[in-house]
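**Q** Here the protein sequences come in this chain order: E and V. For the first sequence, the positions run 1 to 300 when my numbering is used. For the second sequence, the positions run 1 to 330 when my numbering is used.
By construction, these hints were calculated from the structure, which means they are not laboratory data. Just so you know, not all the hints are guaranteed correct.
[Said to hold, decoys possible] Partner residues are not named here, just some residues of chain V that face chain E (Cβ under 8 Å, in silico):
#: 1; residue: Leu58
#: 2; residue: Arg87
#: 3; residue: Arg90
#: 4; residue: Phe98
#: 5; residue: Ser104
#: 6; residue: Asn106
#: 7; residue: Leu121
#: 8; residue: Gln123
These numbers come from a predicted model, not from an experiment. Glycine included, every Cβ here is placed at the ideal spot set by N, Cα and C.
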Amino acid sequence: MEQVQTMGQATIVKSEKPKSKSLWQHAFESLMRDRYAKISIVIIAVYVAIALLTTLGFLAADWSREVGSSYAPPSLENWLGTDIFGRSVMAKMLKGTEVAISVGFITAMISVVIGVFLGAVSGYFGGKVDEMIVWFYTTVSSIPYIMLLVAITFILGKGLVSVYLALGLTSWVSLCRVIRAEVMRHKDREYVQAAGAIGGGDGRKLFKHIIPNVLHVVIINFSLQFQTAIKSEVILSYLGLGVQGRPSWGTMIDDAKLELARGVWWQLAAASFAMFLIVLAFNILGDSLRDALDPKLKGK
Amino acid sequence: MSEKILEVKDLVVQFRTDRGRITAVNGVSFDLYKGKTLGIVGESGSGKSVTALAVMRLIPNPPGEITSGQILYRGQDLLKMPMDGMRKIRGNKIAMIFQEPMTSLNPVFTIGNQIEEVIALHQDDVSSKDRRDKGIELLQMVGIPSPEKRYFEYPHQLSGGMRQRVMIAMSLACKPDILIADEPTTALDVTIQAQILELMKKLQDELGMAIIMITHDLGVVAETCDDVAVMYCGQMVEKSDLRSVFQKPLHPYTNGLLHSIPHYDSTRDKTKGRLPTIEGMVPSLFDLPPGCSFQDRCKNASEDCRGKKGNPTLKALAPGHEVSCFNPMN
Numbered sequence: 001m002e003q004v005q006t007m008g009q010a011t012i013v014k015s016e017k018p019k020s021k022s023l024w025q026h027a028f029e030s031l032m033r034d035r036y037a038k039i040s041i042v043i044i045a046v047y048v049a050i051a052l053l054t055t056l057g058f059l060a061a062d063w064s065r066e067v068g069s070s071y072a073p074p075s076l077e078n079w080l081g082t083d084i085f086g087r088s089v090m091a092k093m094l095k096g097t098e099v100a101i102s103v104g105f106i107t108a109m110i111s112v113v114i115g116v117f118l119g120a121v122s123g124y125f126g127g128k129v130d131e132m133i134v135w136f137y138t139t140v141s142s143i144p145y146i147m148l149l150v151a152i153t154f155i156l157g158k159g160l161v162s163v164y165l166a167l168g169l170t171s172w173v174s175l176c177r178v179i180r181a182e183v184m185r186h187k188d189r190e191y192v193q194a195a196g197a198i199g200g201g202d203g204r205k206l207f208k209h210i211i212p213n214v215l216h217v218v219i220i221n222f223s224l225q226f227q228t229a230i231k232s233e234v235i236l237s238y239l240g241l242g243v244q245g246r247p248s249w250g251t252m253i254d255d256a257k258l259e260l261a262r263g264v265w266w267q268l269a270a271a272s273f274a275m276f277l278i279v280l281a282f283n284i285l286g287d288s289l290r291d292a293l294d295p296k297l298k299g300k
Numbered sequence: 001m002s003e004k005i006l007e008v009k010d011l012v013v014q015f016r017t018d019r020g021r022i023t024a025v026n027g028v029s030f031d032l033y034k035g036k037t038l039g040i041v042g043e044s045g046s047g048k049s050v051t052a053l054a055v056m057r058l059i060p061n062p063p064g065e066i067t068s069g070q071i072l073y074r075g076q077d078l079l080k081m082p083m084d085g086m087r088k089i090r091g092n093k094i095a096m097i098f099q100e101p102m103t104s105l106n107p108v109f110t111i112g113n114q115i116e117e118v119i120a121l122h123q124d125d126v127s128s129k130d131r132r133d134k135g136i137e138l139l140q141m142v143g144i145p146s147p148e149k150r151y152f153e154y155p156h157q158l159s160g161g162m163r164q165r166v167m168i169a170m171s172l173a174c175k176p177d178i179l180i181a182d183e184p185t186t187a188l189d190v191t192i193q194a195q196i197l198e199l200m201k202k203l204q205d206e207l208g209m210a211i212i213m214i215t216h217d218l219g220v221v222a223e224t225c226d227d228v229a230v231m232y233c234g235q236m237v238e239k240s241d242l243r244s245v246f247q248k249p250l251h252p253y254t255n256g257l258l259h260s261i262p263h264y265d266s267t268r269d270k271t272k273g274r275l276p277t278i279e280g281m282v283p284s285l286f287d288l289p290p291g292c293s294f295q296d297r298c299k300n301a302s303e304d305c306r307g308k309k310g311n312p313t314l315k316a317l318a319p320g321h322e323v324s325c326f327n328p329m330n
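Please work from the sequences and hints to get the whole structure.
**A** In structure tokens:
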């Protein structure tokens, strides 16, 4: 009976007063007050929507269809002109979004998982484990990154999966370093000691208590990793190591090498603009996320 | 005498540093009885907190290490227990509250969440709804107003005193036998201190647990403890019941400590003048003098204390009143 009453009161009180805000809610509100951040989120949302629609076949499904003569300049019919085979550059650009977003997302995920795990373990346990992981990431980061990408792509063969793995496996080092330092800073805090005093083991202390406290670093890094990956995919495709058989912004820019001499600029312009906009949006978002999540910049 | 619940025997804790090993706790022994409070007093670096952490086996290793001794909880040696079993004891049978309520709670979880975690860790048969009811009940027990609302708040929304109450609620979630309070009131202001101490006393009476109160504040000791142990440089120099220690301190260090408390009532301290202090500095743990570690600051020091008779050990000079000194006060 008593329990029921307490619960009843709890709901009443809760409905009277707004629920207290967590760090994340505060961060979200501060993000929503930031005009540029909002615009960036909208831009990113539009890109993601386009990527989803093209994947599901609602948009630019017929990108390989001939819609006009070869190298037709932009017109009312074909807003962004056509390429060498008379395909719509507009459709190719839209279809390319799919590759860009998937590469950005999956690569950033791979790098976050590896970077957070290795960084956390290395920072928390220290000693031999730390030495090994530091040795490992120093080695990885001492290899020129394009060379490593080329090597991985050659081993795995050309294609989207190789791009994911090649970029994911090379981009975790900086996050790993930051997470390692953050975890080191947190592991001697009293709340971690208190977690030990209530009977929590190493795993619980590290993953339940410390990681949520350094998650803001991960989120900021994710946003920046995302756009780096998009750029890297373009570079890979430009080098001829990227995706095959489907349009990506990289292959479009690669095509433009030959086209520019003939005065065909629209393919290059379309791909560059598409990339420019999302990279800019992610950069601004990353910056705003840092402002919103970094307690040191709060209340400025 | 009530049941002996914890017995610490010849505990030695060492830390490895760049300048060699130091012995932070050197042969400490004490007993703790059900429903009683033992105060461990000493200045910074005397080994009080290390002793407390050692009982929980929470000494960070490396660099720290419990090198010898026994910690018997209900006759069972905690130092020989596997880590798994030890985790089941922490927070469940032996709980601890820390000095800094500001930093001992995880800033990204609600206090309710953190109280529930203790229950979830040790009582896996409690449903999540029951956990919440129990958590709210605990907040009510430690005197937090409108606990149903506070339950969903984050640590940064509470004041220091409230947070310490939450820490107490967390530590009591599993009704422990022993509560170790490591300077629970140091970070709080005086009025809140009194409230927290009163609360702990009340809860001790209700739950019948034993408390180890670690503090450097003799006022807190006088207020809360049944027995007192005084530590200096990692050793226990005097151990007795509260009354004997305060009325007839035997060790010159304890005596010095008691005299360096300012008295405000004019009847007791007619002579105006400077507050008596203990001259000198605590010796570095890296080079303790041979013999008694208090020799350089002691007015009673003689050749015996400088290593001629070896190191002083605890000896009972009166029933239940032990002191480690060659020239005790009389």
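**Q** All hints, please: hold or fail.
**A** We went through each hint and held it up to the structure:
Annotation: interface hint on V:Leu58 holds; nearest CB of chain E at approximately 5 Å, less than 8 Å. With 8 Å as the threshold, the beta carbon of V:Arg87 comes within range of chain E, its nearest partner Cβ sitting at about 5 Å, so the hint holds. Contact between V:Arg90 and chain E, as hinted, is supported at the beta carbon level, the nearest pair being about 4 Å apart and thus within 8 Å. Annotation: interface hint on V:Phe98 holds; nearest CB of chain E at approximately 5 Å, less than 8 Å.
Of the supplied interface hints, the one on V:Ser104 holds, with its beta-carbon coming within about 4 Å of a beta-carbon of chain E, less than 8 Å. Hint on V:Asn106 holds. Least Cβ distance to chain E is approximately 4 Å, under the 8 Å limit. A cut of 8 Å between beta carbons decides the hint on V:Leu121: the least distance to chain E is about 5 Å, and the hint holds. The beta carbon of V:Gln123 comes no nearer than 11 Å to any beta carbon in chain E, farther than 8 Å, and the hint placing it at the interface is violated.
Comparing the model with each earlier hint shows a violation of hint 8 alone; every other hint is respected.
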